[in-house]
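Build out the structure end to end from the sequences listed, making use of the hints.
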Amino acid sequence: MQDPGEPIRREIVTWEEVDKLIDLIVPQVRSVGGFDGMVIITRGGIIPGGMLAEALDLTYVLTAAVRFSDPLLKRDPGTSPLMFGLPSYLQFPDNDLLRGRKVLVVDDVWGSGRTSSAVRGRCEAAGAQAYICTLHYNPYRSVFKDDGPAFYGAVTDAFIVYPWEVDRGTDRINSLEPQF
489 MQDPGEPIRR
499 EIVTWEEVDK
509 LIDLIVPQVR
519 SVGGFDGMVI
529 ITRGGIIPGG
539 MLAEALDLTY
549 VLTAAVRFSD
559 PLLKRDPGTS
569 PLMFGLPSYL
579 QFPDNDLLRG
589 RKVLVVDDVW
599 GSGRTSSAVR
609 GRCEAAGAQA
619 YICTLHYNPY
629 RSVFKDDGPA
639 FYGAVTDAFI
649 VYPWEVDRGT
659 DRINSLEPQF
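Residue numbers are given in the working numbering: position 169 of the sequence shown equals residue 657, and the series is strictly consecutive.
Please keep in mind that the hints were generated in silico from the structure rather than gathered at the bench. Where a beta carbon is used, it is the ideal one built from N, C-alpha and C, also for glycine. Treat each hint with caution, since some may be false.
Okay, the calculated beta carbon distance ranges per label pair [as the list claims (entries may be wrong)]: (1) E612 with T502: 12 to 22 angstroms; (2) G615 with T502: 21 to 31 angstroms; (3) L585 with R555: 30 to 40 angstroms; (4) G573 with T530: 12 to 22 angstroms; (5) A543 with G609: 34 to 44 angstroms; (6) L512 with T547: 15 to 25 angstroms; (7) D635 with L512: 12 to 22 angstroms; (8) R497 with N583: 37 to 47 angstroms; (9) T547 with G615: 16 to 26 angstroms; (10) D584 with R497: 40 to 50 angstroms; (11) D545 with Q617: 14 to 24 angstroms.
Here it is in structure tokens:
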């Protein structure tokens, strides 16, 4: 685990590594039986979700877009917020599209966990049985100490830069900071 006083370590992941992560995740997902569909979280989950949908032969694919307001309550300056703003769903499937289905909720990484958890919660409120799946799981940043994705390819303590993000330029990569 990284020392909290050090700058956040970045790890650039290659397409080959993404393929290997998908190959690790597929048997995990299949081990719990078939899924009726997938809810892909935009933007990070679009590419891994598409790859997993193809590998798992899932054709019932929906998307969710979530934004969080500013934290409601902060600790001392420079520390993580104690309480997060509520999620705002820019796009979310109608409840009728989820009710009674077993769905895989896909994102690229579980960092704080709040986006994946919010989408899973809304899927469950609509009557779906929802399982979170990510390429990477960072338990060191998670605000949910007793929760995490049901399926993931690797554990990390780094800020992950995926191959589909690299072409945005190094200035953007260097300016990206994990949000808590």
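task = Against the earlier hints, flag every one the structure doesn't satisfy and list their numbers going up.
result = 1, 2, 3, 5
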